[in-house]
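Visitor: Use these hints to put chain B onto chain A, whose structure you have.
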Amino acid sequence: MNLMSHLIAGFPDEETSIAIADALVKGGANILEIQLAFSDPSADGPAIQTASTIALEKGYSTKQGLEVVKKIHERHPETPIYIMTYGSLAFTPGIENFVKMCKDAGVSACIIPDLPFDCDEGLTEACKKHGLENIPVAAPSMTKERLETMASKGFKYIYAALRAGTTGSETTIDQATLDFIDTVGKGGAKVLGGFGIRNGEQSKVLSKHVYAVVAGSVFVNIVLANENTDKGKALAIEQIEAKAKELTGLQ
Amino acid sequence: MTYSNNGFFDKFGGKYVAEIIRRPLDDLEEAFNKYIRDPEFLEELRVIQRDYIGRETPLYFAPTATELLGGAQIYIKLEGLANTGAHKINNAIGQCLLAKKMGKTRIIAETGAGQHGLATAAACAKLGLECVVYMGEVDVRRQQPNVATMEMYGAKVVPVTSGSRTLKDAVNEAMRDWATNFKNTHYVLGSALGPAPFPDIVRTFQSIIGEEVKRQAAERNIDIAAVVACVGGGSNSIGVFTPFINDANVRLIGAEAGGIGPNVGENASRMTGNASREGIVQGYKSRFLIDEDGQSLPTRSISAGLDYMGIGPQLAALGESGRVEFTSILDKEALEAVKFFARNEGILFALESAHAGAAAMKIAKELPKDKALVINMSGRGDKDIFITSPVFRPEKWKEFLKAELKRLDNNEDIHDAEIMNKK
Chain A
1 MNLMSHLIAG
11 FPDEETSIAI
21 ADALVKGGAN
31 ILEIQLAFSD
41 PSADGPAIQT
51 ASTIALEKGY
61 STKQGLEVVK
71 KIHERHPETP
81 IYIMTYGSLA
91 FTPGIENFVK
101 MCKDAGVSAC
111 IIPDLPFDCD
121 EGLTEACKKH
131 GLENIPVAAP
141 SMTKERLETM
151 ASKGFKYIYA
161 ALRAGTTGSE
171 TTIDQATLDF
181 IDTVGKGGAK
191 VLGGFGIRNG
201 EQSKVLSKHV
211 YAVVAGSVFV
221 NIVLANENTD
231 KGKALAIEQI
241 EAKAKELTGL
251 Q
Chain B
1001 MTYSNNGFFD
1011 KFGGKYVAEI
1021 IRRPLDDLEE
1031 AFNKYIRDPE
1041 FLEELRVIQR
1051 DYIGRETPLY
1061 FAPTATELLG
1071 GAQIYIKLEG
1081 LANTGAHKIN
1091 NAIGQCLLAK
1101 KMGKTRIIAE
1111 TGAGQHGLAT
1121 AAACAKLGLE
1131 CVVYMGEVDV
1141 RRQQPNVATM
1151 EMYGAKVVPV
1161 TSGSRTLKDA
1171 VNEAMRDWAT
1181 NFKNTHYVLG
1191 SALGPAPFPD
1201 IVRTFQSIIG
1211 EEVKRQAAER
1221 NIDIAAVVAC
1231 VGGGSNSIGV
1241 FTPFINDANV
1251 RLIGAEAGGI
1261 GPNVGENASR
1271 MTGNASREGI
1281 VQGYKSRFLI
1291 DEDGQSLPTR
1301 SISAGLDYMG
1311 IGPQLAALGE
1321 SGRVEFTSIL
1331 DKEALEAVKF
1341 FARNEGILFA
1351 LESAHAGAAA
1361 MKIAKELPKD
1371 KALVINMSGR
1381 GDKDIFITSP
1391 VFRPEKWKEF
1401 LKAELKRLDN
1411 NEDIHDAEIM
1421 NKK
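Line by line, the protein sequences are chains A and B.
Per my numbering, numbering of the first sequence is gapless, rising by one per residue and ending at 251.
Per my numbering, numbering of the second sequence is gapless, rising by one per residue and ending at 1423.
Be a bit skeptical, because a hint or two may be false.
As the list claims (entries may be wrong) - Simulated pairs of lysine-lysine, DSS-like, Cα-Cα distance not exceeding 30 Å: (1) A:144 with B:1011; (2) B:1101 with B:1156; (3) A:144 with B:1362.
Said to hold, decoys possible - Pair by pair, the computed Cβ-Cβ distance ranges are: (4) B:1043 with A:94: 47 to 53 Å; (5) B:1278 with A:149: 50 to 56 Å; (6) B:1408 with A:234: 46 to 52 Å; (7) B:1405 with A:94: 52 to 58 Å; (8) A:239 with B:1402: 47 to 53 Å; (9) A:15 with B:1414: 57 to 63 Å; (10) B:1161 with A:239: 23 to 29 Å; (11) A:230 with B:1260: 37 to 43 Å; (12) A:234 with B:1297: 32 to 38 Å.
Claimed, not checked - Counterexamples of contact, computed for chain B against chain A with all Cβ distances above 10 Å: (13) 1004; (14) 1042; (15) 1047; (16) 1142; (17) 1151; (18) 1285; (19) 1335; (20) 1342; (21) 1389; (22) 1400.
Derived by calculation from the structure, the hints in this document are not laboratory data.
The C-beta atom is built at its ideal place from N, Cα and C for all residues, glycine as well.
Chain A extracted, bound-state conformation:
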C-alpha cells in the first residue's frame, strides 16, 4: 500500500526533522508530505499549529524550510515530496516564485488548502508550467455539485479530507465516506485519503479504497510528546518508524 506521511520542516529542529523523514521512508512511507510552518494554520488542528509555532520560533520559515526539504530530497531522491502550506506563504512572494522555489528544492507537488481550486491565484497554472502538480483538498461537507466540479478539473491527485472537521480526531470509514471517495475519484484523479488515521487497522481498511493513505497528526503527536530532550527525540524517531511500519503493514 501507499502511505503519504507528514512532517513539518524544522520541527522540532532541522536535524530531527530530517531523521523523521528517514524514519518515515524506512517505515514504508512512499510519499512525504512536508509542511512549511505558517503562523496561522487554520485548517490544521492544535497539534500541528503548536508544532508550526515551534518550527517558526527556530527560524524555519519558507527559505529555511525549503532548505530542509532539499536535504531530505537529496537523501531520498526516489520518494516524491509534496509541500503542504497556506496561501499566504505562496501568495506573498508571488505564486510563480513560490512554485519555482519549491521545484528547486526537489518538490513535486503543492497542497495549499486555502487557495480554492476555482480561485487559486494561478497556482495550478504555475505548477503546470514548472512540472509540479497542484493537489486540491476535498471535504465531505462540500456540495455534490462543487465536489463534482473539482473532480472533473483534471487534477492528477486530489487529497480527500475524510471527516467534516480538521486533523486530529478519529476516522470511521462508513458508507458515506466511501461514496465521498468515489466521487472525488470520478474524474480520474488518484485519491490521497486521510485525516485522523491512528492505527494499522484503519489504514488497512482505508488503503483498499484510496491510492494512498495519508497520516499526519499521529506522527506530529509522537514528536510533541518527546521533543524536549535528545533522548526523547531519539525515542520519537524510533516510534515514528514503528508507527509507519504499522500503518503500511510492514511489521
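Guide: Positioned in the frame of chain A, the structure of chain B alone reads:
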C-alpha cells in the same frame, strides 16, 4: 462600491478558505441574502434595535470641543450609548437573529479585547442561544473585566493556547470549531473582514450607524464635511462610512493604531506607514502586517480593539482608491483625546474610539466653521479603567488594587475590610 462583487471589493476580499469551511460560508451567504430582504426579519430586528440596543443613538453637538479646536463644528455619534457599551452589539444581534432563523442553536465567536465577545454573549442571552467565545489566553489574562461579564451573560469563554494566544489565534480556533460543528452552530465574526460573506454581512448590520447619522444630519440641517472613525478590522468605520461612500462632498477618514512608533511590531497600521503588505490571511485578501514570507507579524496598540494585523477588504479597497483617507494615531495621542473629551464634553471615549477623536482634533482646523465634522465614538471608555487609571493616577490605583487583593486574600466582605476603617 457599497456591496461586494461576488465577494470582492476591487482586488480585495474573496473566500480563500479550505473546503472544510466552504459549506457553512455558502449556506450563510444564501440565508443572509434571503433574510435581509424579508420584511418580517427586518421588523423583528428593528424592534430589537429600538428596545434592546437603544437605537437611535444620539448625534451630539460638542460645543466646547468645537470652540477649543477652532474649526468645523464637532459632532459625536454616541455609539457608546448602545447596550453593552459599543457598536459591536449591532452586528452581534443581527447575526444571532439570522442564526436563529437558520435553525442554529449554538453560537461561537472570537474576541480580542472582549467587546465583541461581550456583545455576542449578551445577544445570545437575549435570544436564548448557547454561546461559546474563543479568546486568546493572553487576552483572557489582560481583559478580565470583560471575561467576567461574558460569563455573567452565561457564555463559556475558552482560552486559546495556540500560536501567539491573541485575537488572530482565537479566529483560527473559532474557524476550526465551525468546520466541525456547523450543522447546529453559527460563527458570529465580529469585524467586517474574514472570508465572504462576512464583510458584506457585518457592514450591512453596522450601516445603521451611518444611516442614522445621515438622517439626523438632514433633520437638523447639519452640513457634514467629514466623518472620522477608528479602524481596527473596520466594523464601526465601514458602518458609519457606507451611506456616504457615494457622496463625494463628504471626506471619510479612518484612524489606525500608530502604537508607539513606525517600526514593525510597534503599531497596527495597515494603510499608513510601510510595515504592511498585500496578502491572503484568515480567508481574505487585503493589506496585512505580515513579513516577506507571508508570516503574521506582531502588532501593538494601547487599544486592544485596534491591535490586529489585517484590515477589512472593503476598507483596503476604499483606501487604495483614495475614497477613504487614513491616518495613524499614537497611543499617547489617543490618551490625550480621552482626557480632552472627558473634561470638555463629559464624554468618555473608549481607547479605540479615542483614535478617531484624536484624528478629529488634528483636522478640525482644516475644515470651515459652518461645516460639521462627525466623530464616530464607537464605544465608551468604562471598560478601559485598568489601562487608563495606571496612566492618569498610578499611585492611587495601585493602592486600590493592593487593598482589594488583601481583602480577597483575607476573604473579607468589603464592609469589614481594612480600607473601610482607615481614617
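Visitor: Give a verdict on every hint.
Guide: Verification of the hints:
| no. | hint | verdict |
| --- | --- | --- |
| 1 | A:144 with B:1011 | 29 Å, holds |
| 2 | B:1101 with B:1156 | 23 Å, holds |
| 3 | A:144 with B:1362 | 56 Å, violated |
| 4 | B:1043 with A:94: 47 to 53 Å | 50 Å, holds |
| 5 | B:1278 with A:149: 50 to 56 Å | 28 Å, violated |
| 6 | B:1408 with A:234: 46 to 52 Å | 48 Å, holds |
| 7 | B:1405 with A:94: 52 to 58 Å | 54 Å, holds |
| 8 | A:239 with B:1402: 47 to 53 Å | 51 Å, holds |
| 9 | A:15 with B:1414: 57 to 63 Å | 59 Å, holds |
| 10 | B:1161 with A:239: 23 to 29 Å | 25 Å, holds |
| 11 | A:230 with B:1260: 37 to 43 Å | 41 Å, holds |
| 12 | A:234 with B:1297: 32 to 38 Å | 35 Å, holds |
| 13 | 1004 | 14 Å, holds |
| 14 | 1042 | 28 Å, holds |
| 15 | 1047 | 35 Å, holds |
| 16 | 1142 | 20 Å, holds |
| 17 | 1151 | 23 Å, holds |
| 18 | 1285 | 8 Å, violated |
| 19 | 1335 | 30 Å, holds |
| 20 | 1342 | 37 Å, holds |
| 21 | 1389 | 34 Å, holds |
| 22 | 1400 | 37 Å, holds |
Hint compliance for this structure: hints 3, 5, 18 are not met, and every other hint is.
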